[in-house]
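Participant: Sequence:
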Amino acid sequence: MRGSVNRVRRWRAAVAACAVLVAATGLPAPAAAQEVLFKVATLAPDGSTWMKLMRELDQRVREETNGRVGFRFYPGGQQGSDLDVLRKMRTGQLQGGGLTGVGLGEIEPSLRILELPFLFRSADEVDLAHRVLDQVFE
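Just so you know, my numbering puts 127 at position 127 of the sequence shown, and the rest follows in order with no gaps.
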């Protein structure tokens, strides 16, 4: 199971790094010197493992960009449900969301397969599924 957590951490870091790169390369020259702040909402409660990882990511990104790029998080459903967050992302009010399976399923329904109850009987089966599906999701 620990391998699954590490994969999630790597995946989140890679997604955030890609978002930072896309945003930074798409900025006009005068705006590139200003701070870029990505607004990201999630249902994850403040103080949870997910929020701790997100805040670590923010700290690393700020260090690597000399404070020019960072994140502002809205934890604990401050911006509403996953569907609200997706709507706000589409209108540009938010630049990202830490979504649950429900929100991800709105974007790509096939991802909901990972939420089937009692699909896995052990942590070893979960790790095996991640190893196989990592290739599909990459």
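Among the clues, some could well be false.
DSS-like mimics (lysine-lysine), calculated; alpha carbons at most 30 Å apart, straight line [stated by the list, open to error]:
1) Lys52 / Lys88
2) Lys52 / Lys39
3) Lys88 / Lys39
Derived Cβ-Cβ restraints for the label pairs, each shown as a range [as the list claims (entries may be wrong)]:
4) Thr65 / Pro117: 40 to 50 Å
5) Arg121 / Gln34: 46 to 56 Å
6) Asp84 / Glu115: 11 to 21 Å
7) Arg112 / Asn66: 38 to 48 Å
Worth flagging that the hints you see were computed from the coordinates, not collected in a lab. For each residue, glycine too, the CB sits at the ideal point set by N, CA and C.
Participant: The structure should be examined with respect to each hint, and the outcome stated for every one.
Facilitator: Now for the hints, and whether the structure bears them out:
The straight-line distance between the Cα atoms of Lys52 and Lys88 is roughly 23 Å, inside the 30 Å bound, and the hint therefore holds. For the given pair, Lys52 sits about 16 Å from Lys39 by alpha-carbon distance, which is consistent with the 30 Å threshold. Proximity of Lys88 to Lys39 is assessed by CA-CA distance (about 10 Å); at most 30 Å being required, the pair is judged to hold. Hint check: Thr65 to Pro117, Cβ distance near 42 Å, so the stated range 40 to 50 Å holds.
Look at Arg121 against Gln34: about 52 Å separates their beta carbons, and that is inside 46 to 56 Å. A hinted range of 11 to 21 Å for the beta carbons of Asp84 and Glu115 is consistent with their spacing of about 20 Å. Between Arg112 and Asn66 the CB atoms are about 40 Å apart, so this pair conforms to the stated range of 38 to 48 Å.
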